[in-house]
Amino acid sequence: MIEIDHVWKVFQTSARQDHLALSDISLAIEDGAFVSILGPSGCGKSTLLYIVGGFVQPSRGSARMKGKAITGPGPDRGPVFQEFALFPWKSVLGNVMYGPRQQGMKYADAEAQSRALIEMVGLKGFEDFYPKELSGGMKQRVALARTLAYHPEVLLMDEPFGALDAHTRTRLQNDLLNIWERDRKTVLFVTHSVEEAVFLSDKVVMMSRSPGRIRQIVDIDLPRPRRRTELLLDPRYQRYVVDIERLFDDGSEAELER
Amino acid sequence: MILSETLTKRAAPYLACLGLLLVWQCASLGLNNDSFPTAVEAIRAIPSILGDKESLINFAASLRRMAIGFGLAVVISIPLGLMMGRSRAVASFFNPLLMVIYPVPKAALMPIIMLWLGVGDIAKTLVIFLGVSLPVIYHSFEGAKAVEEKMLWSGAAMGLSAPQRLRRIVLPAALPEILTGCRTGLVLALITMITSEMIARQSGAGNILFNALDMGQYDTVFAMIIIIGAMGIGFDALFERMRARLVRWSEQQLDIPLSFS
Amino acid sequence: MKVRAVATDLLLGLVPIALLVGLWQALVSFGYAPVALLPPPGQVFSRLLQQLLTDTFRQEIASTLLRLFAGFSIAVVLGVSVGVAAAVSPAISAVVRPIVGVLAPLPKVALYPALLLLVGFGHESKIMLVTADALFPILLSSYYGASTVEQKLIWSAMAAGTPPHQILFKVVLPAAAPSILTGCRIGLVISCIVVFLAEMITSTDGLGHVLVTAARTFQAVDMFVPLITISLLGLILNGLLEALRSYLLRGFLESDTRF
Numbered sequence: 001m002i003e004i005d006h007v008w009k010v011f012q013t014s015a016r017q018d019h020l021a022l023s024d025i026s027l028a029i030e031d032g033a034f035v036s037i038l039g040p041s042g043c044g045k046s047t048l049l050y051i052v053g054g055f056v057q058p059s060r061g062s063a064r065m066k067g068k069a070i071t072g073p074g075p076d077r078g079p080v081f082q083e084f085a086l087f088p089w090k091s092v093l094g095n096v097m098y099g100p101r102q103q104g105m106k107y108a109d110a111e112a113q114s115r116a117l118i119e120m121v122g123l124k125g126f127e128d129f130y131p132k133e134l135s136g137g138m139k140q141r142v143a144l145a146r147t148l149a150y151h152p153e154v155l156l157m158d159e160p161f162g163a164l165d166a167h168t169r170t171r172l173q174n175d176l177l178n179i180w181e182r183d184r185k186t187v188l189f190v191t192h193s194v195e196e197a198v199f200l201s202d203k204v205v206m207m208s209r210s211p212g213r214i215r216q217i218v219d220i221d222l223p224r225p226r227r228r229t230e231l232l233l234d235p236r237y238q239r240y241v242v243d244i245e246r247l248f249d250d251g252s253e254a255e256l257e258r
Numbered sequence: 001m002i003l004s005e006t007l008t009k010r011a012a013p014y015l016a017c018l019g020l021l022l023v024w025q026c027a028s029l030g031l032n033n034d035s036f037p038t039a040v041e042a043i044r045a046i047p048s049i050l051g052d053k054e055s056l057i058n059f060a061a062s063l064r065r066m067a068i069g070f071g072l073a074v075v076i077s078i079p080l081g082l083m084m085g086r087s088r089a090v091a092s093f094f095n096p097l098l099m100v101i102y103p104v105p106k107a108a109l110m111p112i113i114m115l116w117l118g119v120g121d122i123a124k125t126l127v128i129f130l131g132v133s134l135p136v137i138y139h140s141f142e143g144a145k146a147v148e149e150k151m152l153w154s155g156a157a158m159g160l161s162a163p164q165r166l167r168r169i170v171l172p173a174a175l176p177e178i179l180t181g182c183r184t185g186l187v188l189a190l191i192t193m194i195t196s197e198m199i200a201r202q203s204g205a206g207n208i209l210f211n212a213l214d215m216g217q218y219d220t221v222f223a224m225i226i227i228i229g230a231m232g233i234g235f236d237a238l239f240e241r242m243r244a245r246l247v248r249w250s251e252q253q254l255d256i257p258l259s260f261s
Numbered sequence: 001m002k003v004r005a006v007a008t009d010l011l012l013g014l015v016p017i018a019l020l021v022g023l024w025q026a027l028v029s030f031g032y033a034p035v036a037l038l039p040p041p042g043q044v045f046s047r048l049l050q051q052l053l054t055d056t057f058r059q060e061i062a063s064t065l066l067r068l069f070a071g072f073s074i075a076v077v078l079g080v081s082v083g084v085a086a087a088v089s090p091a092i093s094a095v096v097r098p099i100v101g102v103l104a105p106l107p108k109v110a111l112y113p114a115l116l117l118l119v120g121f122g123h124e125s126k127i128m129l130v131t132a133d134a135l136f137p138i139l140l141s142s143y144y145g146a147s148t149v150e151q152k153l154i155w156s157a158m159a160a161g162t163p164p165h166q167i168l169f170k171v172v173l174p175a176a177a178p179s180i181l182t183g184c185r186i187g188l189v190i191s192c193i194v195v196f197l198a199e200m201i202t203s204t205d206g207l208g209h210v211l212v213t214a215a216r217t218f219q220a221v222d223m224f225v226p227l228i229t230i231s232l233l234g235l236i237l238n239g240l241l242e243a244l245r246s247y248l249l250r251g252f253l254e255s256d257t258r259f
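Residue numbers (this note's numbering), protein chains in the order written: chain A, 1 to 258; chain B, 1 to 261; chain C, 1 to 259.
Please note that the accuracy of each hint is not assured.
[As the list claims (entries may be wrong)] The calculated lysine to any residue pairs, modelled on SDA-like cross-linking and capped at a C-alpha distance of 20 Å, are: (1) Lys-68/A <-> His-6/A; (2) Lys-152/C <-> Gly-72/A; (3) Lys-132/A <-> Arg-245/C.
[Said to hold, decoys possible] Covered, in the sense of this in silico footprint (three residues per stretch, anywhere, with C-beta under 8 Å from a C-beta of chain C), are these stretches of chain A: (4) 23 to 37; (5) 182 to 191.
Keep in mind that the hints were calculated from the coordinates and are not lab data. Treat the numbers as computed from the prediction; the structure is a model and nothing was measured. Don't be surprised by glycine CBs; every beta carbon is placed ideally from N, CA and C.
Throw the hints in and build the complete structure from the sequences for me.
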């Protein structure tokens with residue numbers, strides 16, 4: 001589905017110095033896979049996501065979606081941002097209807113579809129509320145509904161639950177999986193939480209500290225559907241978490257020694 | 001590369017001035033109207049104005065009034081604004097009064113004030129005082145309101161009394177906002193001064209301007225515009241330098257101010 | 001429930017005015033001010049009503065309003081378009097910012113004689129002065145509003161399929177709307193002030209002219225009438241703009257700026 005081919009990204013900082021954010025990233029993401037990109041802050045994982053999204057251009061190398069080069073954003077790759085990025089001048093319904101309307105759907109159809117989606121993310125009754133009247137968790141649900149509304153083939157999620165409290169976060173993780181189970185879209189999920197990555201994904205791509213490189217890709221062989229209460233007690237889940245954390249610790253120690 | 005970037009940034013205002021003068025020059029040459037002298041002609045008239053004793057007396061009077069009006073306004077408005085910002089009682093008392101005065105053109109009060117206080121300096125200074133007070137009060141108010149509660153709690157824990165906290169915590173913390181208000185006030189002071197002199201002609205730069213207009217000395221008219229414009233820009237630039245120095249520690253605020261009329 | 005909120009706001013807004021009028025009356029009644037200098041409010045308001053019934057006064061108001069609206073509208077169109085353009089295009093910004101930086105602190109009223117020479121003593125000079133003065137706050141707030149639009153909002157819209165040329169109208173302008181409307185409010189107040197002042201300096205008609213004429217004949221009551229009129233006009237127009245702003249920005253994040 002998505003091919004990332006020897007991608008490098010260099011940023012020019014305000015001090016007029018070059019910052020190497022991504023270093024020779026190559027990755028293939030299969031159709032229908034839930035892939036997490038895991039790494040410490042500043043490792044460039046969001047940058048990688050933005051490159052796939054077409055918001056940022058790689059300095060070298062290319063990203064391709066179904067064989068075609070990615071040159072800009074588009075409804076085939078729908079983003080869900082940590083900051084929610086809802087349109088504050090539109091109601092919940094207005095936000096969710098934006099994509100379908102943009103694609104030319106008739107008002108009545110768009111509205112019906114949007115209402116169904118709003119119900120699916122658990123916000124029935126809040127259609128006429130404005131973003132400023134919603135809690136963080138609710139805003140993120142709207143953001144998810146808004147992106148799902150225009151049926152992207154790939155979901156690009158940039159630490160979507162990072163700004164939420166622990167309780168809301170676990171609820172949304174569950175809800176996300178429930179929604180994902182329905183049509184099994186391809187998901188690229190950026191996070192810095194090992195537990196989150198293992199819980200949600202089929203594959204965890206571990207990235208090193210800046211400059212970002214892929215250190216290891218771990219296949220998560222846990223059955224679906226995944227229930228948090230079951231998984232927390234499952235030794236295989238625990239093994240994955242411990243192993244991945246150890247990999248990170250080893251790596252960072254090695255870097256410190258340098 | 002870096003050098004030329006900062007250089008162009010600093011040269012930009014001068015380039016803008018030059019550009020505007022150039023546009024003027026071309027426009028006046030193009031329109032070829034007797035009452036529209038070229039930029040060059042206007043600039044040439046400047047030295048004779050500045051050399052004339054009478055004009056200098058007028059300018060001095062203008063600047064004196066502006067200084068007194070501005071100074072008094074600042075001295076009174078800042079404490080008032082700060083107190084309003086920290087005490088709901090004080091705020092509710094003054095707020096309605098200020099809200100009504102705000103839309104009234106202060107310089108338009110000139111004739112009425114002249115009726116009461118005659119045509120002298122006091123009338124004009126009073127108008128300037130009123131014009132400057134409002135933005136300074138408003139910004140001091142907003143600045144004081146925005147001071148973090150926790151800072152004041154720390155001060156109280158250290159044993160500072162309420163008036164001490166106002167002077168030693170609220171004032172410095174609100175200083176960036178206060179100075180923004182003063183900058184607006186400065187611009188307003190100049191404008192109110194000129195306008196009041198145009199309405200109640202007795203002395204001052206506005207008076208020189210309109211005298212020249214009446215007597216058909218168009219070069220002088222435009223020369224005065226350049227001088228007054230230069231004053232406005234000059235004062236603003238100087239104030240901005242001082243302000244930047246004083247609040248070096250604060251975060252960057254909106255870089256171009258919202259200048260009022 | 002919304003109606004009640006509006007009603008209470010309106011009443012609260014009237015209280016300061018009532019207080020001021022009360023203070024005014026008190027000053028006169030208690031002899032702090034001689035009647036020749038400060039006529040009692042009753043006298044002023046009845047004269048105002050009397051004037052409103054005359055054609056000539058209504059024409060003066062019409063003149064003033066015409067200049068006010070013309071100047072303000074031009075300032076809005078110019079200010080918003082240039083401000084937003086400068087926020088969106090670095091090239092335009094590089095040209096506009098220094099020019100605005102130079103012209104903003106310049107007392108535009110000093111240009112008034114030049115305008116009189118160029119376009120005469122009629123409506124045009126006043127309209128141009130109003131535009132010149134109202135332009136900058138509108139331009140600056142439009143620039144500020146448009147340049148602080150969250151990048152992620154634009155990205156979200158692009159991902160939803162919005163083509164680049166529509167981003168300006170579908171994302172940037174709505175997101176910048178609160179700032180732009182604040183600038184317009186300031187611009188409106190300035191327009192009221194400037195048109196009045198310009199008419200006071202030189203004019204053959206308009207409310208400012210009415211005041212100056214009355215001043216020449218030392219008619220205190222007749223001096224207060226145009227002043228009250230322009231203040232009332234200003235309040236009404238401001239109120240209308242606030243209503244428009246509330247309507248356009250319903251549900252949007254608003255900061256409470258009283259005063």
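Hints and how they fare:
1. Lys-68/A <-> His-6/A: Between Lys-68/A and His-6/A the Cα gap is close to 16 Å, so the pair holds against 20 Å.
2. Lys-152/C <-> Gly-72/A: This hinted pair holds, its Cα atoms lying about 14 Å apart.
3. Lys-132/A <-> Arg-245/C: holds (17 Å)
4. 23 to 37: It is violated, with 0 qualifying residues against the three required.
5. 182 to 191: violated (count 0)
The structure shown violates the earlier hints numbered 4, 5.
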